[in-house]
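2 protein chains.
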Amino acid sequence: MNKKSILPLALLSATALSAQTTDTRPNIILFMVDDMGWQDTSLPFWTQETPLNRKYHTPNMERLASQGMMFTQAYACPVSSPTRVSLMTGMNAARHRVTNWTLEKNKSTDRKSDVLDFPDWNVNGICQVPGIPHTYEVTSLSQLLKNSGYHTIHCGKAHWGAIDTPGESPRHFGFEVNIAGHAGGGLASYLGEQNFGNRTDGKPSPLQAIPGLKDYWGQDIFATEALTIEAMKALNKAKKLGQPFYLYMAHYAIHVPVDKDMRFYQKYRDAGLSEKEAGYASLIEGMDKSLGDLMNWLEKNDLEKNTIIIFMSDNGGLSSEDYWRDTPLHVQNAPLNSGKGSMYEGGTREPMIVRWPGTVKPKSKCNDYLIIEDFFPTILEMAQVKRYETIQSIDGKSFMPMLQGEKGFNKNRSLYWHFPNLWGNDGPGIGTTSAVRKGDWKLVYYYETGKKELFNIPDDIGEKKDLSAKHPELVKALSMELGGYLRGVSAQRPSFKATGKPCPWPDEI
Amino acid sequence: MNKKSILPLALLSATALSAQTTDTRPNIILFMVDDMGWQDTSLPFWTQETPLNRKYHTPNMERLASQGMMFTQAYACPVSSPTRVSLMTGMNAARHRVTNWTLEKNKSTDRKSDVLDFPDWNVNGICQVPGIPHTYEVTSLSQLLKNSGYHTIHCGKAHWGAIDTPGESPRHFGFEVNIAGHAGGGLASYLGEQNFGNRTDGKPSPLQAIPGLKDYWGQDIFATEALTIEAMKALNKAKKLGQPFYLYMAHYAIHVPVDKDMRFYQKYRDAGLSEKEAGYASLIEGMDKSLGDLMNWLEKNDLEKNTIIIFMSDNGGLSSEDYWRDTPLHVQNAPLNSGKGSMYEGGTREPMIVRWPGTVKPKSKCNDYLIIEDFFPTILEMAQVKRYETIQSIDGKSFMPMLQGEKGFNKNRSLYWHFPNLWGNDGPGIGTTSAVRKGDWKLVYYYETGKKELFNIPDDIGEKKDLSAKHPELVKALSMELGGYLRGVSAQRPSFKATGKPCPWPDEI
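So the sequences go chain by chain: A and B. According to the working numbering, the first sequence is numbered sequentially starting from 1. According to the working numbering, the second sequence is numbered sequentially starting from 1001.
Only true hints are included.
The calculated BS3-like cross-link candidates involving lysine-lysine, where the alpha carbons are at most 25 angstroms apart (straight line), are:
no.	chain 1	residue 1	chain 2	residue 2
1	A	K203	B	K1239
2	B	K1107	A	K239
3	A	K237	B	K1203
4	A	K107	B	K1239
5	B	K1214	A	K203
6	A	K240	B	K1107
7	B	K1237	A	K107
8	B	K1107	A	K237
9	A	K237	B	K1214
10	B	K1233	A	K214
11	A	K407	A	K365
12	A	K239	B	K1203
13	A	K365	A	K289
14	B	K1203	A	K240
15	A	K214	B	K1214
16	A	K240	A	K300
17	B	K1240	A	K203
18	A	K107	A	K501
19	A	K438	A	K465
20	B	K1233	A	K203
21	A	K214	B	K1237
22	A	K107	B	K1233
23	A	K386	A	K305
24	B	K1407	B	K1361
25	A	K214	B	K1203
26	B	K1107	A	K233
Simulated from the structure, these hints should not be mistaken for lab results. If you're wondering where the values come from, they're calculated on a predicted model, not measured in any experiment.
Go ahead and model the full structure; you've got the sequences and the hints to work with.
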């Protein structure tokens, strides 16, 4: 006789709970900011405090850093989709071929060039099924987390696949909850009063109108706040389910338009900032408040100890448009040179923090470098997903040892960037480029001109002193390594309009 | 040189499309009606037309049957959750232990009994992760379809898991789109004017208020129509994605409340039906219109040839409540006896049709029996998912041969039902029961009294002539088989309050 089968129902909860194993793996919040530069914060990521650190106020980033580890050399790609795809797949952009930003089906966003034709990159992004043109079929990070038992929540910007392709929706990648994520990588408006860009007159809304926040239309609320409220609603549900959760909190902030977050705007005006710059600062502090709200939620719900928070941005701050930022341009990420779209540090170096009580030492700092595709194996390791199969080859390398305090990790490793497209704006380091970082050295190669630049990054973080003429043997060695890597992953390259011939790889010139 | 890499982008679509394989597997629509009885239609599923067939109008079911195959002996469980769980898992209810309907976490919906204690069945339903109390962890049909590349759409009622458990949302089972599905198995209101039962005064809405249809609140629209419009929106998106789709169109209709679908109500009043009965008939015809709308959508989009439609209901028509139906009771599924909740045919025999151009013969009829857990392997076979792994053992058997016209399939097979709970209402065949159907014979066993009934179904479809006294050897043989099966799948059973001892299995008395 099965004794359990005749227990009256009132006793069930206690007996069954004790008989079953509860999943105690850590919750994970990946707090991903859009277009946030390395200096868009009051938290100093350089060796010294900068004027930009004094300009912006991010108390919750400071709070997070005081509880965890800052990474001073965390890299992403120069634009959004390549970064986000690398994060979701563990692949380098040269391999996944989503090398520029995506939006419409079968449409390239490459700027036209008189000199170059651009390759048929994956303009439709990634996809979880085969047979979809111009996509790379992948096993995604979120799907693996879901498969392993995580409750998966997407909040904010997705930007992994073009409109009307399977990759357009986070739901197709195993996210059980999707708040406001779609094909778009920007936003038509931050303002609830403007319905976040959605039209109500029956005419089609702009492609970048934020979906999914209809409850806030017409209200005096900023998108950053609405997303935070919705994320906390999802967390309130998540804590009841009995599963660990993975929250991908991917803010639309601080992408243009530089709308004014009026909760913070006036403070910056009073401090003497111009209208544009005060607006930008208000976007940053609104994002920072969201981080604080989530940290408060964790504390209130006694979950802060078993929840990892990872703070990251997807590319450098926008520094090439005087419509949104004040002149002079290209100094908005100083001491870094240039910004979003550039192969210089201003385009790729990101503010990164990890808080993980019990594993990561509070108030610690890691000066070794890592790159965005490393997030994939690291997060799976955090989630204790030990065996998993992926369709794609993984380029990323877990940075768990760095979290555990190991110094000199990645010392002999090369990092690669590949952007065989032409982005929209002009600026230093913005072009059709590939790059490699090895130790202190960085080589940037320009396909259109064949030009190569060599920088010693610790000595010259602003990439002002091209040392290529001084160290030709180093240029040659790095060119060979970069060329070999790109051919190895079947990278694509542009060709010359005049001859129809492909541009040389960096070691062919 | 890779020739493809230098093609200008204008040429991309044609070349890439021809180079990749498109997924041409059939689309599948499972049109699942709630609480629809075998005779709630103008389509005669019996050997002869009945008064109920003349009472109701379902022209689109007739249209579907003229293009496909009717099944006259398609079985489900006597109530909703067990049926829907069997469909999603391929398991018999005795194995999955979701033997009564689910709603609130850790709360049984069993009616109280003075005589029996009921087992600790899976009151929280099914779940896709381990460690959740009172659930059965499963690999779901929808997850397997998604994994194989189907775009998966849920529309309407889910009813697989209790509130605040992972199984409450269709999204957790691999549905990429979820329209209005949640833990609830009924609905507070069909009326847009009543916000489908949702409150707007800040007080909590009833648990059975339909979620997800906020765009229709306050409008003069019936839930059945709103769900159909939303399903067609999802199909309009689906046809662009380049994947086959699986639409689980699970209407809340024709579950109580018997609201009046005013598009059809007056017609039935004019035909002389009472208010209650005209309301019920209007629910049916509204559901039938939805079927027609989906068929029209397929034709308009040239998808009717490569789309399978399966029509099914989850249990018998409600016949035990004079609040919603006119007296006399228990004749609402005539010639079948009783209705929802009953182990008699009125509780378990369903109207079923399959249309599959090129495979299923139009205007055909299958008189062999099958049961709801058979849908799982059949739909996976339709979807050409050949190798799959499931956590659970599969009891269902593909009925593909029946679709292909094989006669006598399942001839020597036994079907089993297990309902060791007590449902809410009283009526013939409603109790704490198990049953077995083998060939023409059916044995029903009542745990509380030890009573056994034996019916010859083809001779006595109304189950009025208990032949157990006449055929004791057959009763014994079927009891042994049923007892053996139930023990084999570790079925649960009630116990007697008076002694604390479990009720005997059917072959122990």
